[in-house]
Structures are given as C-alpha cells and as structure tokens.
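Number of protein chains: 4
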Amino acid sequence: MISVGVCGFGYWGPTLVRAFASNPAFRVAAVADAKPAAQDRVRALSPSVELYGEAQELVDSAEVDVVAIATPVLTHYPLALRALRRGKHVLVEKPMCTRVDEARELVAIAERMRRVLMVDHTYIFHSAVHKLKELKTSGALGEITYYDSLRVNLGLFQPDMSVLWDLAPHDFSIMNYLLEEQPVYVEATGYCHVNQNLPDIVYITLHYAARTIAHLNLSWMSPVKARRIAFGGTKQMVVWNDLDFDETLKIYDSGIEFRSEDERRVFIPGYRIGDIYSPRLARGEPLANLVEHLHRAIAGKEEPVVDGRAGLRVVELLERTQRALDSSLGKIAGLHTPKAPARIAR
Amino acid sequence: MISVGVCGFGYWGPTLVRAFASNPAFRVAAVADAKPAAQDRVRALSPSVELYGEAQELVDSAEVDVVAIATPVLTHYPLALRALRRGKHVLVEKPMCTRVDEARELVAIAERMRRVLMVDHTYIFHSAVHKLKELKTSGALGEITYYDSLRVNLGLFQPDMSVLWDLAPHDFSIMNYLLEEQPVYVEATGYCHVNQNLPDIVYITLHYAARTIAHLNLSWMSPVKARRIAFGGTKQMVVWNDLDFDETLKIYDSGIEFRSEDERRVFIPGYRIGDIYSPRLARGEPLANLVEHLHRAIAGKEEPVVDGRAGLRVVELLERTQRALDSSLGKIAGLHTPKAPARIAR
Amino acid sequence: MISVGVCGFGYWGPTLVRAFASNPAFRVAAVADAKPAAQDRVRALSPSVELYGEAQELVDSAEVDVVAIATPVLTHYPLALRALRRGKHVLVEKPMCTRVDEARELVAIAERMRRVLMVDHTYIFHSAVHKLKELKTSGALGEITYYDSLRVNLGLFQPDMSVLWDLAPHDFSIMNYLLEEQPVYVEATGYCHVNQNLPDIVYITLHYAARTIAHLNLSWMSPVKARRIAFGGTKQMVVWNDLDFDETLKIYDSGIEFRSEDERRVFIPGYRIGDIYSPRLARGEPLANLVEHLHRAIAGKEEPVVDGRAGLRVVELLERTQRALDSSLGKIAGLHTPKAPARIAR
Amino acid sequence: MISVGVCGFGYWGPTLVRAFASNPAFRVAAVADAKPAAQDRVRALSPSVELYGEAQELVDSAEVDVVAIATPVLTHYPLALRALRRGKHVLVEKPMCTRVDEARELVAIAERMRRVLMVDHTYIFHSAVHKLKELKTSGALGEITYYDSLRVNLGLFQPDMSVLWDLAPHDFSIMNYLLEEQPVYVEATGYCHVNQNLPDIVYITLHYAARTIAHLNLSWMSPVKARRIAFGGTKQMVVWNDLDFDETLKIYDSGIEFRSEDERRVFIPGYRIGDIYSPRLARGEPLANLVEHLHRAIAGKEEPVVDGRAGLRVVELLERTQRALDSSLGKIAGLHTPKAPARIAR
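Here the protein sequences come in this chain order: A, B, C and D. Under the numbering used here, the residues of the first sequence are numbered 1470 to 1815, in order. Under the numbering used here, the residues of the second sequence are numbered 1470 to 1815, in order. Under the numbering used here, the residues of the third sequence are numbered 1470 to 1815, in order. Under the numbering used here, the residues of the fourth sequence are numbered 1470 to 1815, in order.
Hints should not be assumed to be uniformly reliable.
A pair holds if it fits inside one copy or across any two, identical chains being indistinguishable in the list.
What the hints assert, rightly or not - Below, in silico cross-link-like pairs of lysine-lysine (DSSO-like), each with a Cα-Cα straight-line distance of 27 angstroms or less:
hint: 1; residue 1: Lys1704; residue 2: Lys1600
hint: 2; residue 1: Lys1704; residue 2: Lys1694
hint: 3; residue 1: Lys1770; residue 2: Lys1600
hint: 4; residue 1: Lys1602; residue 2: Lys1694
hint: 5; residue 1: Lys1770; residue 2: Lys1602
Please keep in mind that the hints were generated in silico from the structure rather than gathered at the bench.
Please model the entire structure based on the sequences and the hints provided.
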C-alpha cells in the first residue's frame, strides 16, 4: 500500500483523508496541522494516524510516500518543493502555487526526480467534463465558438485571496483541458467591494487563435449560488448546470448554420430549436476518480492528466489575468468619488 | 382624441397600433409601410386607417398629431427630425438614433418646438423596474454595489445590427433610470461568429464614480433564452428573472455586512442567507403604461420619463461602448489563425 | 367560405372568433351575446359582424353554416340540438353537455342529419398529445402502466360548476384518445371548501382492464398553478409539464424491467436512470389545428377526431365520476363537526 | 455517557451510528448484524465497538442502555419488546411495527417499565415541519383546508413491503403532528405493477372532522423524484418542496376569502395572488436533532415528541389504509383482462 501524508486539516484536508482511505491502494499514515482543534478532529477520526504540528516534519518523514498538500496557497510551493526533493510524490491543491517561476521550478524538479506531481483540479475528473471533452473530440459540437461561465455565490471571503484566485482555477483547468490551447489575448476587470485590493467581482474575457471566445463571471457578491457553463459549437451547444443533479448537462441539437465565407456575407441565420438531450452521467465521485488516477500514475500505468505542466498552465493564466485586472483597476482607481469617512453597518 | 400615425408595420408596428387603439385618448389615423404584404395586414386589421407607402408622407399629413416611428434604426433620425419640425409629437423606437450628434439635434429641436419626444424604452414602464427603483430610492438596498445582466438567446440575426445595438439599449435605459449616473469608464469586448463586423457576443463592463460596477453579457449564440438581472446593494440584493412569471423578482434579505473603514481592513464577512421575498408585481402591460404616460405628457400633466434626453444618454452609452469594443476587436484582429477558405454547413 | 356564427362572447368566444378569422376557409358572420358590454366588444373588434342578443336567433339564421357554442354548459344541449336540426354543423365547447342521454341524442341527430358535430377538446390538437400518442402507438413506451395528472390552480370559482366538470374534461378527453379504452372501475372523492355542493378539490382514480391505473388530482385551492401529466410505460416514461415552454415533454429512457410471470415473483427491479430526452414539439396553436380539422371534416376530407361520440364518452366518464364522488361525499357528510354559525373573512 | 447498541447495519444503521457518535451524550458500544460484509464495515469504521451476529444478544448485553433498532420491519416488535422488558430505552425505525395490537403492547410495556420508547419519524425534527407547525399554531394559515402530498420516485423495490408501508409513514407522522387529529374516514386504492400483492402505486384520501382533506400520491413508478407537500389554510397556503434546498418552503400570502355562511351561498371568490415569502430554515440535520431530543427525554428533561403513542397512531393509520386499499383492490381484481403467459423483458 502507498503511504500518504496529508498537510492541512481545515476545509479540504478531511475530504482528502476520506478519499485516500476509501481507495485500497492507499493508507493515510500521517496528518499535519498546527491547530489543536484540527488535531483533535484527526484523533477522533483515525486514532492510528501519525500527527504532526509542522508540515515540514511530515514531509521529511520516511513513512510517507505521497504528500498531499491542502494548506494555504502561499505554502504550496515550499512544501511541494521540499517533498519532491525528498523523492516523494505530490498531490497539491489548486492553484499549484502563486507564481509562474515557482510553478516552472516544481515541474522541473518533479521531472528530474521522476516523481508524480499532480494538481487537485478535481473538475477534470468530473463526468460532465469528460462528456464535454468527448463531444468536442468526436466533432459533435462542430467548431467551438465560446465558453461562458457564471460562477457566483455569496462569498466565503478570505483575508488573503481574491475571487480570481479562488474561483478562476476551476474554469482555467477545464478550459485548458477542453480547448488544448492557451488564449492569445486576455482582458479582465472587476471591483473590490469588501476588502481593498482583493476583488470580489471579476469579469474575464479570453480570446483564442481558433476564434473561440471565453468569458468568466466570477463573484462572491451574489445572493444565489450559480455554477453554469455554456459551451457552444457550430453544430451543437451544451449547457452544464452543476447544481442540477438530474439534468446536469443539456445538449441542444440546434444552432447557427454556417456557410462558406462568401455566402456568410449575405447569410442571415434563422432561429432553430431542435431536440434537447440530457445524457446520463456516470455517478462516480470526481475526487475518488482522481485518487485512483494518482494511484495508476504512481504505478506508471497512466500518464497524469493534471500534472505539473497542467498546473503551470493554470498559474500562467492566473498571472496573465492578474496583470490585465491590475491594469484595468489602475485606470479606474482615480475616477471614484472620495469616500465618506465611515460606512455604518446596518 | 389624439391622432397617431405609425411608421413601419413590421415586427413592432402592429403592437404599437394595438396599444394606441386600446387607449381611449388616442386614435390610429394612419400607417406607413412600403411592403405590400404589410399594407394588406393593415387593411385586414383596420380598414378605416389611412395607408401610406412612404413614411415621409405620413409625417407630413395634417391628420396626424403624433408620429410613432417603428422603422429600421437608420431612419429614426430623419423621420423624427421631420416630424418634430412639422410640430408633431414623436414616439421613436429604441435606440433613438445611431449617433450622438443626431440625438442632440433631436433633443434641441423638440425643446425649441415644445413638442414631446419620447423613446420607446418600454422596460422603464415595467413593474419590476418600478419596484427596483422604489427599493433603491427608499434605501432598502443600501448602497448599490453592482448591476449584472445576462441577456442571451439564439439570435434573430440582423444584417445591419450587432447584438450591442439590439440588446444593450434595454440595459442602458434601465441602468440610467436606476443609477441616475453615467459611468466614468467603459470596457467592452466580444466576437463576430456569424457576420463579419457585427459582433454576436458582447461583454461590457461599466464603472461608476459611486463605486457601482455594471456588467452585461449579451449574446445571440445561446441555445437557451435568459433575461436575468442581479442588482446588488450593501443591505439587500435582488434577482430579476424576466422569464419567471410567478416569481419575477426575488429579494434576498441577506448580504455582506460592512463596518467602518478601519474595521474593514480586518473584517471578514460571513456567509449569511436570510429570508427570500418575492413581491407581487402589478400585472399591467408596460407598453400600455407607456402609451398612457405619452398621453399625459402631451396633455402637460406629466414630465416625460424617457424623453429625448434619456434617449440621448442611451445613445451616448452605445457610442462609448462601441468605441471600447472597436478598440478591443482591433487588438485581437491580427491574432487569429488564418481561416480555411470555406466552412461547410452540416 | 364557410360562414360561422359564434354563440357566447365571454371568456372563450373572442378566442374562437380570432381562430376562425385566421383560417381562410371560414368567415365569422354572426355573434350572439345578451350582455351589452359583450356586444360593444364585438362591434369594436369586427363592425361588420351580425349581432344577436339571443343565441337561438343566430342558430336560426340562414346566413350561418356552422354554429360554435361557447355559452354556459347547461345551454350546450338545447343550442346544439336546435342547430343540428336546422342542418348546421356544430362546434361545441367542452363538456358537450351535462347528461349522457342528451349526449346520445346529439350524436344520433348529427348522424341522421349527416352534419359534423365536434367538441372543442382542444388538447387533442396539442403537439404534446400527438407525441404521446405516437410514442404509445409505436410501442416505444411498452405497456402503459399509469396516467397521473396534477391539474391545480387558484380557482376561478364558478357558481354552477364544480372543479370536476371544469377540469376533468381535459384529462378524460386525453385519456380516451391515448388509451382507446374506457375504465372498468371509477373511484372519486373530494371536498367543498368554498361553495356547498360544488367540490373544489377532487381526486379520481380510474382502473382499466389492461391494468393501467389513472389518477387525477384536481383543485381550485392551490396557490401555484400546475399542469403536469406523467404517462408511464414498462419501457419508457414521459412527463408533460404544460407550463414549461422549453422542455414541455421529457422522455425518460429508464424504468422497471419486467421478466416473465414466474420470474416476477422473485425479481426485485433495480433503480436505473438513463438519458433524458426532450423532443422538439411543433409550435402550432392547438385551436388553429382544430379549426383547420373542422374545415376538412366539413369538406369530407377527414373523419372528425373529437366527434360527438368522443364528446359522449367524456360525458359518460363525468357522470360515472360524479356518481362515485356523490357516494364518497355521502359517506363523509355526517362525520364532520358542526360548524360555527359564521366564519369571518380576514 | 449513555451507551447505545445499534441493531442492523444495512441502509440506515451506519447513519444512526454516525448520529450517535456525533452527540457527546452518547457512546456507540455495540452493533449487531448477521451479515459478514456488514460486520467488516463496522470493524473498519469503529474497531472498538462490540460486534454481535444476533440482535437478541446485543439487546441482552448489560453494556447497552439504549437499543436502536434498524432491522427489517417484521423484527421491530420482538426486538423492541425484549429491550423494553430488560429495562432498556428504545429508538425504533419507522414504522414502529406492523400491527396495532403489537404497537399497543409496546406502548404499555414502555410505560410500565418507565423507559423511553421513541420512533424514528425523523421528519418531525425537520425545520420545515417546525415552521409548518408554527404557522398553523399561530393562526397565520387560518383554518386548515387540505394537506396534499406527492411522494414519488423510481422505487427501490423491496420483496416484503409495499409503497404504502415504505412511504406513507412519513406523511402520517407529519399529518398527526400538524393536525393533532385522526381522520374520520379513509379511502385508498392503487395497483401492483411489479410484485403481486405489493402495490407500487397507492393513492390515499383521508377526511377529518374539522373539514381538512388529506391526499397522498405515493409511487415507486415515477422516473422523477418528487417530495412536495402543499398545506392549505383559509388565510395562507404553503408549498414545501423538500428537494429545493434554497427555497424549501414557500408561503403564499394569497387565497380564498371566506364570508359568513349566508354570504357564502352567493359569494364567488376571486383570483388573488399576493407576495410569496420563503423563510430561512434552520440548517440543523433532523437526525441530530432527534438524537439530542432522545438524550433529553432519557434525562427526563423533555417529553418525547414521537413516543410510542405517536408510533401507535401511525400504525393505526397504516392498518386503516391497508384495509381500505384491500377493499378497493378486491373490487378491481376480477375486472382485468387475463394476462398473457409471460411478458418478456426488453
């Protein structure tokens, strides 16, 4: 059995522990968390697990083959680096790290050490994403025209993270997986309503050489949660509503008819609505799929789908978007009316 | 009774005729349309109406007190100008015209001639907009943080109009009415999938001095129609789903708690969901409300709510947005891979 | 052109007038209504139509080839009888009449006079019903196991009609058309909350020799309108939500697997959910389809689908259900606690 | 700490173990299940728990203060009886048992032994039921006119249980709790499509002396799961959709206006739709609430809400409904066409 150590037992750590414990190939040997309350919860759940207050100690432990990193994002890079250098395999939460140069270093060291470096972009193991990929690859959708994501909720505001770094990694990993192409131009804007310098609403538009346009509406200021992605092609269009458990994906056998370039100048497409088809999706839990995939990657049976290079591409997109966002926020910074000294809570 | 002449009997003309005929203050005296089929439909519907092939002739007719203009957008300016100069009142479809200088001229001539110039921004007479205005004015929403509009459908593509000029006037008129402020900075991007030079997907972000951010997602490429506006404040947030007849507006008694500036630096808002309240809306048809308002404006009993100046402000926003859109499209124009000579329809 | 006279210009009469006026084979020659306000509305809408205060006079008019009867249900029988005797074709609102013996007489006289007697069971011309019929006939559904209808709203209470006679004719006509079989046993119960002797909630269960069970939940006491029919077969099941314009019919490629009788005793079916498929339905208005069908029936080109015999079968079901309902209401009548003398409105 | 033994580790047993383990007042000391696979799962989950192959042995163990019974329904009575006789407190799954005389005996022995006998009617601890009870008790709803439940899904068919005994206990416990009254007349019908003698579709109507009518539509043959209860009063009506997590309860400030008896004879209520209000519900898990309530009942701090008498009343309703159902099924038994010898699975 492969021995796993989990760093961080806050929001996602317990989920990782459960996922590894449910896979017969893995054994959770150690957990690290500095908070006494988290340690108590580990003891109650699995008394036999080795407990560490310092994540580095867990990383250094000879008992651990795989280090799973679910600590705050700024610690991803140093922990992953240390683990890889010690010859451990690494599963790191998304985003892999906060800088492209750090991401490149992690990729390089993982390749040099011949260890698996996987990023927990769980959506890549979601049956809806598999179906979208299949529909695109088979040509059923035609040429991809757009990816449009509405990903909003009432935010769990974090003191050191913007909505961009919290929510965009989901879309960026899905888009990279589906489109297999990086955008040629990135635009972004938004606003910080709650914490200065940490936008809570961000709008991103990405342009691709293949003429796909992608748009993300990310917000922590919405009273209603929405997770809705529209993925359009010249032949079919798909709407993925991740909060609809019965009809998660709907495929619209309808769309715009294109003719050749010459015809297009005079052609006016009609309004055509065809059948709607909601395929059955496999019910398997994405994280369980990811853990089994990690097992097979470590065993050399499969190439990791979301390896360090995939994680790097997401960090690259985050950095490019952050630059576009900073540029837009800079332009509007001086245009607001000065604020009243204090705004009273109701 | 006030005598009305309607120019254009295509998509919207018959609706205008019906609305005027249902108001006892008005009488539809004349209709103008060059198309024989349209003329036949006029004759079948109301045999006693005067029929014109040329809209100018209708405008010149001494029988007509009010000219209602429902012709293609490029003809709005010359027809409205001619009508106002001849001392007629004018109701013109949105957008009022396609250029700011033309819009200014129409406003000026209407004021000089002391005639009513109204623009058919019908949404301003929708009970949902009234409710939003009331909630904002009463302070129930707190300070407005955002306006977010999803306005998409499978397009009735038009050979001479982009999705911007087709759909944005709705939001721009509503935003102007609710916010009573013009944005300090406008960003826009999009893409032309079907007709070159006529974007069918447009994303717009508008920044206001009062720190409101507004965003519009406009598309003719969506297989599902959506008309959903979220209007957020520091105290309450409202979601308006115009396709939900039972629960059109939902008010969320929940949100982000703000403290004073100092506190804000350390404050992390919580996730709080309160009651949801869906107020009963008056069922009156917006266009009937508009026609009655036009009647009262002509009679000098009410100031026109969507007068020429309101129409001008919408055209100004359209022009500013078009410039931002052109700038973005210019940047991405050279970045696409050359196209294959022809794309075959399926 | 066939000349039509419409009796009754209340709720449904104007709709009938519009439907006949839109079909080039018909001409609306006359309308009868005793109410001055209704007569005013006729004059405003179509000044050239002959107006009658008494329906009998319209029926007797030599100008009228077809009599359309949209008067209160108790007058259906005498008016239809008089019209058929005078050699007119008849279209009568549902239910055809209130007694089986009257219905039989109407069928007999129509056949003797060789005139078309059609009942306005409009749903039979609804594209959803056509699709259900097609799915059943093709064997796609397998053997039909159940028909389950939820047909509730906040009632437009009528002083002389129960919810049974108001709403059940819709389901009864659809069931007769789909199942082509009359039930072998009928059960019904309900209660009168508003008007004594006129139930406003009625529950009906019908058992068929072919082992189909049908159930109707009819109510005028529901705050939410629902029109939802589930139609189950051994192979596929369909849910028809008539208030969902985008996905009116949903076909579930899932269900119970049956084995032979012997196996069934030990067999425990599994829970299986397959794909969901929402077919595109023709958008034609059911009433327009019905009017064209009436035209072709009068011209001898088609056998009337909802002729007098179809209307009779619905009245037979209504009478059987009324007897079952009376029997149940009789049993519970004495079991209630005596009422307080008056209940005050809030 | 109170020591609990759980009999049965199939579908519900693990949930009970987790619920007791999460309450600091309880300790799970023992689990009984004859199946080796179930025993393996117990060992993996909590190695320190005492394991029994025979439930009786667990019941007899001196280590156990409370026996929780989650075994097949036919074993509820003997196990509960044995546990109470040995002076244990008992929590038994719904329904408490299958016969009224057995239920009476359990109530009697629990009272004689002064032990808590609770039935796991979990819904009574659901915040939606609390809200409904509060709305009724406060008079906000006015007089209760109806309870209408749609409780359907694609069945997990069981070889020894009908849909009546599987699903009706939920509604019966809720109705008893809300209405505080037993019906004066019960009607039921249904059909057995899959297993002979075990109806998979059942329709029940219950009439109350206070003029409330209750109706249950229970089915294992629906392709779509629905859990929808409408609860109507003369002043307000509530719709509870248990599958809608955001707007579980909707309260309609609308309804029928009643006048005094005399007025009612001529009064025709209007159609009035007011505001819709969806109150925030407490998010606590019902089963956790029940376990804490059991703790307080054992400690003598609270009277058990769903005690043996509440369980008995549900069994009484089940027996009455079964008799009505048998009577209806008897009447239709001979009316079906003889079946073909075998029906082949597709």
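Evaluated hints:
1. Lys1704 x Lys1600: Classified as both: same-chain Cα gap 16 angstroms, cross-chain 25 angstroms, threshold 27 angstroms.
2. Lys1704 x Lys1694: Intra 30 angstroms, inter 18 angstroms, cutoff 27 angstroms: inter-copy only.
3. Lys1770 x Lys1600: within (23 angstroms within a copy, 49 angstroms between copies)
4. Lys1602 x Lys1694: For lysine 1602 and lysine 1694, both the intra-copy (25 angstroms) and inter-copy (24 angstroms) Cα distances are at most 27 angstroms.
5. Lys1770 x Lys1602: within (22 angstroms within a copy, 52 angstroms between copies)
Checked against the numbered hints above, the structure breaks none of them.
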